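Number of protein chains: 2
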Amino acid sequence: MASMLLSRHVSQAMQQNSRLLVPCISVRLQPNKKNVDFEFEAPLMKTEVPGPRSRELIKQLNGIQNADAVHFFCNYEESRGNYLVDVDGNRMLDLYSQISSIPIGYNHPALIKILQQPQNLSTFINRPALGILPPENFTEKLEQSLLSVGPKGMSQIMTMSCGSCSNENAFKLIFMWYRNKERGNSRITKEELESCMVNQFPGCPDYSILSFMGGFHGRTMGCLATTHSKAIHKLDIPSFDWPIAPFPRLKYPLENFVRENQDEEARCLEEVEDLIVKYRKKKKTVAGIVVEPIQSEGGDNHASDDFFRKLRTIARKHGCAFLVDEVQTGGGATGKFWAHEHWGMDDPADVVSFSKKMMTGGFYHKEELRPDAPYRIFNTWLGDPSKTLLLAEVLNVIKREDLLSNAVQAGKVLLDGLLDFQSRYPHLVSRARGRGTFCSFDTPNDAARTKLIATARNKGVVLGGSGDRSIRFRPTLVFKEHHAHLFLNIFNDILADFK
Amino acid sequence: MASMLLSRHVSQAMQQNSRLLVPCISVRLQPNKKNVDFEFEAPLMKTEVPGPRSRELIKQLNGIQNADAVHFFCNYEESRGNYLVDVDGNRMLDLYSQISSIPIGYNHPALIKILQQPQNLSTFINRPALGILPPENFTEKLEQSLLSVGPKGMSQIMTMSCGSCSNENAFKLIFMWYRNKERGNSRITKEELESCMVNQFPGCPDYSILSFMGGFHGRTMGCLATTHSKAIHKLDIPSFDWPIAPFPRLKYPLENFVRENQDEEARCLEEVEDLIVKYRKKKKTVAGIVVEPIQSEGGDNHASDDFFRKLRTIARKHGCAFLVDEVQTGGGATGKFWAHEHWGMDDPADVVSFSKKMMTGGFYHKEELRPDAPYRIFNTWLGDPSKTLLLAEVLNVIKREDLLSNAVQAGKVLLDGLLDFQSRYPHLVSRARGRGTFCSFDTPNDAARTKLIATARNKGVVLGGSGDRSIRFRPTLVFKEHHAHLFLNIFNDILADFK
Chain Y
1 MASMLLSRHV SQAMQQNSRL LVPCISVRLQ PNKKNVDFEF EAPLMKTEVP GPRSRELIKQ
61 LNGIQNADAV HFFCNYEESR GNYLVDVDGN RMLDLYSQIS SIPIGYNHPA LIKILQQPQN
121 LSTFINRPAL GILPPENFTE KLEQSLLSVG PKGMSQIMTM SCGSCSNENA FKLIFMWYRN
181 KERGNSRITK EELESCMVNQ FPGCPDYSIL SFMGGFHGRT MGCLATTHSK AIHKLDIPSF
241 DWPIAPFPRL KYPLENFVRE NQDEEARCLE EVEDLIVKYR KKKKTVAGIV VEPIQSEGGD
301 NHASDDFFRK LRTIARKHGC AFLVDEVQTG GGATGKFWAH EHWGMDDPAD VVSFSKKMMT
361 GGFYHKEELR PDAPYRIFNT WLGDPSKTLL LAEVLNVIKR EDLLSNAVQA GKVLLDGLLD
421 FQSRYPHLVS RARGRGTFCS FDTPNDAART KLIATARNKG VVLGGSGDRS IRFRPTLVFK
481 EHHAHLFLNI FNDILADFK
Chain G
1 MASMLLSRHV SQAMQQNSRL LVPCISVRLQ PNKKNVDFEF EAPLMKTEVP GPRSRELIKQ
61 LNGIQNADAV HFFCNYEESR GNYLVDVDGN RMLDLYSQIS SIPIGYNHPA LIKILQQPQN
121 LSTFINRPAL GILPPENFTE KLEQSLLSVG PKGMSQIMTM SCGSCSNENA FKLIFMWYRN
181 KERGNSRITK EELESCMVNQ FPGCPDYSIL SFMGGFHGRT MGCLATTHSK AIHKLDIPSF
241 DWPIAPFPRL KYPLENFVRE NQDEEARCLE EVEDLIVKYR KKKKTVAGIV VEPIQSEGGD
301 NHASDDFFRK LRTIARKHGC AFLVDEVQTG GGATGKFWAH EHWGMDDPAD VVSFSKKMMT
361 GGFYHKEELR PDAPYRIFNT WLGDPSKTLL LAEVLNVIKR EDLLSNAVQA GKVLLDGLLD
421 FQSRYPHLVS RARGRGTFCS FDTPNDAART KLIATARNKG VVLGGSGDRS IRFRPTLVFK
481 EHHAHLFLNI FNDILADFK
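Protein chains in written order, with my numbering: chain Y, 1 to 499; chain G, 1 to 499.
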């Protein structure tokens with residue numbers, strides 16, 4: 001299907017730019033080369049994956065930690081753009097991009113340049129305690145980076161080191177805000193100050209965060225109490241009795257199940273309200289609701305924009321903070337910088353957390369939730385200015401190269417291709433769905449999925465799974481239409497041959 | 001007192017090496033200069049601190065986040081060695097080193113060199129998902145860095161992004177290990193797999209971690225349940241009902257209170273055993289005990305080596321994992337690489353966590369605690385190879401320059417000086433204590449402490465507090481005897497003039 005498109009594109013590219021074929025080392029030596037010029041033209045496979053060198057390294061690593069999750073070892077120096085090179089010399093088109101965390105491809109020349117500027121060296125080797133001793137350009141770099149893409153209505157920003165810490169601290173912010181609301185004008189009591197030191201009420205109130213079945217918000221113990229995607233994440237870890245609402249399980253194709261899906265969303269929203277009431281009665285008041293715009297780890301579960309608008313309204317009605325977790329969805333892959341922008345709201349959230357493609361963790365929030373004292377949201381590092389420095393340049397590239405529009409265009413090619421597969425290979429591909437390049441489809445079962453992913457890898461395409469049977473697409477933002485055609489072409493052959 | 005020593009040292013240094021006075025820019029241009037040559041000779045103050053530029057920047061930052069904790073803004077590019085330069089051109093001797101997180105001083109030439117090597121660039125801009133796609137040199141770099149200084153008996157290592165995540169995951173490792181012990185040969189049940197998804201028993205067992213009053217283990221919700229140093233960290237945040245034992249409150253000088261202190265430690269240990277029994281009966285079984293070798297945030301509270309040996313024995317006796325939190329004490333400042341080495345044990349711990357001076361978070365553990373399946377201890381990044389790369393070089397410098405011996409020597413000068421202050425200014429300085437440069441003393445109260453720290457800062461010395469009235473010393477590992485003399489000289493004048 002896609003093979004004609006692909007060969008046309010590749011030959012065009014080769015005519016336009018013979019530098020596509022320069023050896024890898026040139027990335028390092030020619031940091032000023034334009035983005036479009038620095039990539040490979042196609043996958044190139046030399047061994048099965050993992051190859052012999054990877055297998056040797058996996059065995060070695062396994063001596064010092066459980067290495068059973070390792071797919072293969074990588075040669076990051078040789079990787080570039082959408083192509084991940086492994087230690088056996090295999091070059092793969094990467095549609096998983098380090099669990100969705102590489103924003104503009106490997107070894108982007110613009111980022112190499114940042115590293116090579118002498119005035120930036122100090123930022124990489126002197127990591128400050130940002131909360132007490134920030135660098136001179138701290139506010140300026142936040143304005144150039146995170147604040148330049150801040151969600152509507154959120155003037156406040158905190159940086160953190162990873163996604164879990166971002167959500168943990170967003171929860172804390174919400175609890176403090178809620179308690180201050182309840183406290184009203186009365187002062188903090190001696191009893192509160194003393195009881196909190198020994199983990200007891202009233203200093204440690206029995207508040208809760210409402211989350212959704214299938215959601216993923218991280219793996220530290222606060223986050224984990226709101227994560228419900230896979231048992232392996234949660235088994236054997238003590239948790240909190242916090243409310244868990246069902247997340248809509250939409251039927252596809254959407255246009256054939258309009259009524260059913262509306263009913264399903266209404267059922268879930270009703271359950272949210274019931275839980276808020278029930279947990280308030282149980283004295284485990286819901287201080288906040290946390291939700292992903294697309295349940296990304298739990299199976300690429302989508303709900304309608306209308307569902308989220310109504311959910312946001314329910315949060316407001318019951319006085320719960322609304323935390324939108326954009327750790328995986330944020331950064332542009334859905335075609336808007338934040339996935340919640342698709343909801344088209346003026347007041348979409350109270351707190352928005354991020355990490356992954358943003359290179360640093362953190363969260364935005366409304367001024368109303370601002371901590372009333374220093375050291376309440378605090379830790380030693382509070383992020384890392386070297387990541388914010390890189391992010392500022394990533395955002396420049398995104399704007400300069402209009403990568404949000406690109407995500408829409410490349411995503412359309414990708415999703416159209418998946419829909420085509422779905423009609424031609426319905427026994428293998430179903431529920432094709434997505435926004436921008438943030439696409440996915442369902443396989444018949446986990447065994448078929450595992451085999452499809454392994455086969456694709458050996459044909460030079462890196463894919464990842466989500467939920468119990470989905471394959472998720474999480475390419476970088478420099479994934480272009482021709483990469484989509486290239487993938488579709490390869491995967492079409494795999495589906496045609498699949499036994 | 002120390003002024004003669006200081007002036008002698010400074011004049012010696014100036015005779016020996018005129019390069020001490022080179023302008024700051026030379027650090028960048030001459031990365032090969034020897035460590036001893038790259039520093040300033042003394043503090044140099046131009047304004048009060050925070051100065052006008054810092055105040056302006058604090059106001060600006062305060063628009064986007066609560067900036068009340070900011071001491072001043074820094075010029076990291078101009079800082080070097082033990083000297084932190086602020087944005088108003090003030091140059092201060094830094095005895096706090098970013099809350100104890102700068103290992104070998106600012107802008108160390110060896111680290112600049114790492115940044116300048118072309119083969120390292122890729123590591124700084126392509127952050128991998130280490131658990132699935134590690135770089136070729138991953139195991140090698142771990143061996144050169146973290147494993148080269150691994151605690152006794154611990155062959156296994158996991159890296160994390162910060163101290164809180166390290167302890168959170170260490171707790172999880174302990175819970176999994178404990179549950180597997182209890183499970184014995186029986187398999188994981190369907191009920192466990194289903195109940196854990198909704199945060200309920202038996203999938204989420206009601207295990208606990210025993211911690212100590214005054215301890216600090218981080219601020220994410222699992223860690224926070226074991227942190228008991230200040231109310232501001234814990235107020236308004238839901239927590240777990242986990243056991244909290246008293247930590248010995250030793251009387252100083254130790255030699256005058258041998259009997260009392262032994263009794264105090266025995267009392268605390270007895271309480272630990274009582275709590276283990278009590279919480280087992282409450283069905284909140286203690287799966288692990290977490291303790292700092294020196295309670296670092298909670299007031300520099302020390303206990304004898306004998307106390308820790310007995311505590312470790314109690315943990316073993318009751319089948320609880322013993323987690324030693326070396327986030328602040330680890331990395332060499334106590335004169336040994338790990339503070340727990342002072343206990344002189346062959347089997348000091350089951351898990352040792354670290355961060356701060358180690359540049360990356362993580363934990364070591366015994367093979368017995370190794371996760372039995374992939375993805376159980378996991379997150380997107382699992383640390384950052386660029387930090388491990390820097391750490392490998394930091395460890396080279398520590399070995400090459402024998403910085404552990406240096407910590408002993410410089411620490412002796414520092415502590416002797418504090419003991420001298422204690423005898424001469426007993427109304428201001430008491431309970432002088434410490435190991436290596438990891439020293440502290442008590443001030444009469446928080447108000448006096450605040451004033452002493454502010455006065456010292458305006459005289460060119462950065463200090464930090466711990467607990468409710470202590471001042472803690474947390475210099476870098478390149479803090480030498482002459483820096484100690486310099487500090488003592490300045491602080492002597494402050495104490496003499498203090499009103």
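The hints are simulated quantities; they were obtained by calculation from the structure and are not laboratory data. Note that this is a predicted model, so its numbers are computed, not measured. Be aware that a few hints might be false.
Chain copies aren't distinguished; within one or between two, either way the pair holds.
[What the hints assert, rightly or not] Calculated lysine to any residue pairs in the SDA-like style (CA-CA distance at most 20 Å, straight line): (1) Lys152 x Arg259; (2) Lys181 x Pro253; (3) Lys284 x Gln200; (4) Lys152 x Asn137; (5) Lys230 x Leu193.
Hints, one by one, checked against the model:
no.: 1; hint: Lys152 x Arg259; verdict: neither (32 Å within a copy, 64 Å between copies)
no.: 2; hint: Lys181 x Pro253; verdict: neither (44 Å within a copy, 48 Å between copies)
no.: 3; hint: Lys284 x Gln200; verdict: both (14 Å within a copy, 15 Å between copies)
no.: 4; hint: Lys152 x Asn137; verdict: neither (24 Å within a copy, 43 Å between copies)
no.: 5; hint: Lys230 x Leu193; verdict: between (37 Å within a copy, 9 Å between copies)
Hints 1, 2 and 4, counting from the list given before, are not met by this structure.
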